[in-house]
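Trainee: Sequence:
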Amino acid sequence: MFAALNDKKKERVDLTCDDDNESEQEREPTGSHNVSPTLSTAKTSFTPSSGTSSKKRKVIHLPQKRGPMDAHVRRAPEDVVDDRRAKGPSQTTIERCFRSPEEKKRVDSYVADWFYECGIPFNAAKARSFEVMLEAVGQYGPGYKGPSYHDLRVPLLASTKEKVMVMKTKYQAYWRRYGCTLMSDGWTDRRGRHLINFLVNCPEGTYFMGSVDASSHIQDATMLSELLDSKIREIGAECVVQVVTDNASNYKAAGKILMERRPTLFWTPCAAHCIDLMLEDIGKMQQNKSVIRKARMITNFIYRHTRLLDAVRVTIGGDLVRHSVTRFETSFLTLQSLLKHEEKLKLFFVSPSWNTANLAKTEAGKTDC
Numbered sequence: 001m002f003a004a005l006n007d008k009k010k011e012r013v014d015l016t017c018d019d020d021n022e023s024e025q026e027r028e029p030t031g032s033h034n035v036s037p038t039l040s041t042a043k044t045s046f047t048p049s050s051g052t053s054s055k056k057r058k059v060i061h062l063p064q065k066r067g068p069m070d071a072h073v074r075r076a077p078e079d080v081v082d083d084r085r086a087k088g089p090s091q092t093t094i095e096r097c098f099r100s101p102e103e104k105k106r107v108d109s110y111v112a113d114w115f116y117e118c119g120i121p122f123n124a125a126k127a128r129s130f131e132v133m134l135e136a137v138g139q140y141g142p143g144y145k146g147p148s149y150h151d152l153r154v155p156l157l158a159s160t161k162e163k164v165m166v167m168k169t170k171y172q173a174y175w176r177r178y179g180c181t182l183m184s185d186g187w188t189d190r191r192g193r194h195l196i197n198f199l200v201n202c203p204e205g206t207y208f209m210g211s212v213d214a215s216s217h218i219q220d221a222t223m224l225s226e227l228l229d230s231k232i233r234e235i236g237a238e239c240v241v242q243v244v245t246d247n248a249s250n251y252k253a254a255g256k257i258l259m260e261r262r263p264t265l266f267w268t269p270c271a272a273h274c275i276d277l278m279l280e281d282i283g284k285m286q287q288n289k290s291v292i293r294k295a296r297m298i299t300n301f302i303y304r305h306t307r308l309l310d311a312v313r314v315t316i317g318g319d320l321v322r323h324s325v326t327r328f329e330t331s332f333l334t335l336q337s338l339l340k341h342e343e344k345l346k347l348f349f350v351s352p353s354w355n356t357a358n359l360a361k362t363e364a365g366k367t368d369c
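If you're matching positions, the sequence shown starts at 1 in UniProt numbering and goes up one per residue.
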């Protein structure tokens with residue numbers, strides 16, 4: 001009996017109603033989907049029977065399910081973000097039209113709470129990966145549970161490493177076809193270590209090779225040329241077209257050694273460092289030297305006293321640009337900042353609040369300001 005009933009089960013149930021008060025028969029739909037909807041929840045439609053007009057066929061339609069086709073139709077989060085960041089007019093999506101400003105404000109408040117609670121820098125919101133993450137979560141839909149501490153620490157980290165290796169393989173194909181540029185950038189961290197970063201640039205993008213701690217080495221031309229040459233061999237000597245470093249004398253001599261060793265290689269100084277050195281020479285001119293020195297005295301005096309600094313911030317509505325010892329362009333940025341807030345600073349230093357302050361009676365307060 002059960003076998004016969006199972007043979008007659010279908011996904012669509014036809015109930016034939018007879019005007020002569022004949023008995024109604026139902027066949028409960030089952031099948032490969034293992035779904036058994038009730039008459040109260042299923043969608044129904046009435047159409048004339050193929051027999052007589054007195055009979056009607058009642059068709060029960062099963063609710064549709066979202067299948068794997070959505071994964072093929074849905075756009076990748078990276079593509080959506082790229083279109084959103086593209087210049088030019090953008091078209092408002094249908095989903096955004098049905099969202100009220102209050103609903104977006106509520107979601108934004110949750111995102112902001114996470115930034116504040118975890119101490120995330122606000123610049124992280126400008127990152128492309130941040131937009132891709134939000135787009136991916138939105139495409140997933142309600143009920144998404146984020147990765148755990150262990151997931152971030154072990155499996156997802158290993159997966160990201162594999163993706164980086166795949167990206168490196170793609171970049172290497174461009175290196176062999178179009179050539180690439182080896183770039184080095186030296187800097188000193190908070191612990192006083194001198195680190196040298198090595199990056200490879202090609203039309204596809206920039207790849208970070210790694211850092212070298214050169215604190216215990218004498219950074220002469222021989223040492224730097226050997227270090228750069230080892231990175232060239234790691235990339236492939238036939239792939240490297242040029243080497244870009246800063247314009248210091250030791251790097252300049254190292255670049256000359258490399259060009260003699262590898263005739264097909266070019267050494268190029270960093271353009272930003274060249275401009276910085278040009279601004280240093282301009283600042284040493286007599287007509288500019290005294291002006292820069294006075295601007296430095298004013299800003300240093302203001303930033304040495306916290307109460308004065310707070311009063312200046314309230315007056316100009318922000319901060320002044322401070323002079324940096326290692327960045328010579330900051331001297332000109334300091335002059336530009338003082339010129340921008342010139343009128344407000346003049347009003348502040350002739351105001352009664354400054355004239356009655358103890359700092360105004362000091363020798364530095366009289367000469368510097």
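Source of the hints: derived by calculation from the structure; they are not laboratory data. The reader is advised that the hints may include incorrect statements.
Here are the simulated lysine-lysine pairs, BS3-like style, with alpha carbons at most 30 Å apart [claimed, not checked]:
| id | residue 1 | residue 2 |
| --- | --- | --- |
| 1 | 346 | 361 |
| 2 | 344 | 361 |
| 3 | 126 | 168 |
| 4 | 294 | 346 |
| 5 | 87 | 168 |
| 6 | 344 | 294 |
| 7 | 145 | 104 |
| 8 | 340 | 361 |
| 9 | 126 | 145 |
| 10 | 145 | 161 |
| 11 | 104 | 87 |
| 12 | 289 | 163 |
| 13 | 284 | 252 |
| 14 | 294 | 366 |
| 15 | 256 | 289 |
| 16 | 346 | 284 |
| 17 | 256 | 231 |
| 18 | 340 | 294 |
| 19 | 231 | 163 |
| 20 | 87 | 170 |
| 21 | 163 | 145 |
| 22 | 231 | 289 |
| 23 | 87 | 126 |
| 24 | 231 | 161 |
| 25 | 105 | 163 |
| 26 | 289 | 346 |
| 27 | 294 | 361 |
| 28 | 168 | 104 |
| 29 | 366 | 284 |
| 30 | 231 | 170 |
| 31 | 161 | 126 |
Ranges between beta-carbon positions, derived for each pair [claimed, not checked]:
| id | residue 1 | residue 2 | range |
| --- | --- | --- | --- |
| 32 | 294 | 197 | 33 to 43 Å |
| 33 | 284 | 103 | 55 to 65 Å |
| 34 | 336 | 103 | 39 to 49 Å |
| 35 | 304 | 329 | 40 to 50 Å |
| 36 | 141 | 86 | 20 to 30 Å |
| 37 | 283 | 101 | 49 to 59 Å |
| 38 | 241 | 364 | 46 to 56 Å |
| 39 | 187 | 294 | 43 to 53 Å |
| 40 | 103 | 147 | 18 to 28 Å |
Computed from a prediction, not measured in an experiment: that's the story for all the values here. For each residue, glycine too, the CB sits at the ideal point set by N, CA and C.
Trainee: All hints, please: hold or fail.
Mentor: Against the structure, the hints:
With a C-alpha separation of about 17 Å, the suggested pair residue 346 and residue 361 falls inside the 30 Å cut-off, and the hint holds. A threshold of 30 Å between alpha carbons decides the hint, and for residue 344 with residue 361 the separation of about 21 Å falls inside it, so the pair holds. A threshold of 30 Å between alpha carbons decides the hint, and for residue 126 with residue 168 the separation of about 25 Å falls inside it, so the pair holds. Note on residue 294 and residue 346: the hinted pairing holds, with a Cα-Cα distance of about 15 Å set against a maximum of 30 Å.
Distance hint between residue 87 and residue 168 is fulfilled; the C-alpha atoms sit about 29 Å from each other, no more than 30 Å. Distance hint between residue 344 and residue 294 is fulfilled; the C-alpha atoms sit about 18 Å from each other, no more than 30 Å. Our distance criterion of 30 Å between C-alpha atoms is met by residue 145 and residue 104, whose separation comes to about 20 Å. Simply put, residue 340 and residue 361 have alpha-carbon atoms about 27 Å apart, close enough for the 30 Å limit, and the pair holds.
The suggested pairing of residue 126 with residue 145 holds, with an alpha-carbon distance near 24 Å, which does not exceed 30 Å. At roughly 23 Å between alpha-carbon atoms, residue 145 and residue 161 fall within 30 Å of each other, so this suggested pair holds. A C-alpha spacing of about 24 Å is found between residue 104 and residue 87, which places the hinted pair at or below 30 Å, so the restraint holds. Of the supplied pair hints, the one linking residue 289 and residue 163 is violated, its CA atoms being roughly 52 Å apart against a limit of 30 Å.
Restraint check: the Cα-Cα separation between residue 284 and residue 252 comes to about 23 Å, which is no more than 30 Å; the hinted pair holds. For the hint pairing residue 294 with residue 366, the CA-to-CA distance comes to about 13 Å; that is within 30 Å, so the pair holds. For the suggested pair residue 256 and residue 289, the alpha carbons sit about 34 Å apart, so the restraint of at most 30 Å is broken. Of the supplied pair hints, the one linking residue 346 and residue 284 holds, its CA atoms being roughly 27 Å apart against a limit of 30 Å.
A threshold of 30 Å between alpha carbons decides the hint, and for residue 256 with residue 231 the separation of about 16 Å falls inside it, so the pair holds. About 16 Å separates the Cα atoms of residue 340 and residue 294, which keeps this hinted pair within 30 Å; it holds. For the given pair, residue 231 sits about 22 Å from residue 163 by alpha-carbon distance, which is consistent with the 30 Å threshold. With a C-alpha separation of about 27 Å, the suggested pair residue 87 and residue 170 falls inside the 30 Å cut-off, and the hint holds.
The suggested pairing of residue 163 with residue 145 holds, with an alpha-carbon distance near 23 Å, which does not exceed 30 Å. Restraint check: the Cα-Cα separation between residue 231 and residue 289 comes to about 42 Å, which exceeds 30 Å; the hinted pair is violated. Of the pairs offered as hints, the one joining residue 87 and residue 126 holds, with about 16 Å between alpha carbons and a cut-off of 30 Å not exceeded. Between the alpha carbons of residue 231 and residue 161 the distance comes to roughly 21 Å, so the proposed pair stays at or under 30 Å and holds.
Distance restraint check for residue 105 and residue 163: the Cα-Cα separation of roughly 35 Å exceeds the 30 Å cut-off, and the hinted pair is therefore not satisfied. With a C-alpha separation of about 23 Å, the suggested pairing of residue 289 with residue 346 holds against the 30 Å cut-off. At roughly 19 Å between alpha-carbon atoms, residue 294 and residue 361 fall within 30 Å of each other, so this suggested pair holds. Taking the CA atoms of residue 168 and residue 104, the gap is near 38 Å; set against the 30 Å cutoff, the hint is violated.
Taking the CA atoms of residue 366 and residue 284, the gap is near 26 Å; set against the 30 Å cutoff, the hint holds. Using a Cα cut-off of 30 Å, the hinted pair residue 231 and residue 170 holds, with the two alpha carbons roughly 19 Å apart. Only pairs whose Cα atoms come within 30 Å are accepted, and residue 161 paired with residue 126 is accepted, the gap being roughly 23 Å. Here the CB-CB span from residue 294 to residue 197 is close to 37 Å, well matched to the stated 33 to 43 Å.
For residue 284 and residue 103, the hinted distance range of 55 to 65 Å is satisfied, since their beta carbons lie about 59 Å from each other. Taking the beta carbon of each, residue 336 and residue 103 are about 43 Å apart, inside 39 to 49 Å as hinted. Between residue 304 and residue 329 the beta carbon distance is about 23 Å. The supplied range of 40 to 50 Å is therefore violated. A hinted range of 20 to 30 Å for the beta carbons of residue 141 and residue 86 is consistent with their spacing of about 26 Å.
Taking 49 to 59 Å as the suggested C-beta distance range, the pair residue 283 and residue 101 conforms, at roughly 50 Å. Taking the beta carbon of each, residue 241 and residue 364 are about 54 Å apart, inside 46 to 56 Å as hinted. The hinted range of 43 to 53 Å is not satisfied by residue 187 and residue 294, whose Cβ atoms lie roughly 31 Å apart. Separation of residue 103 from residue 147 is about 26 Å and conforms to the stated range, judged on CB atoms against 18 to 28 Å.
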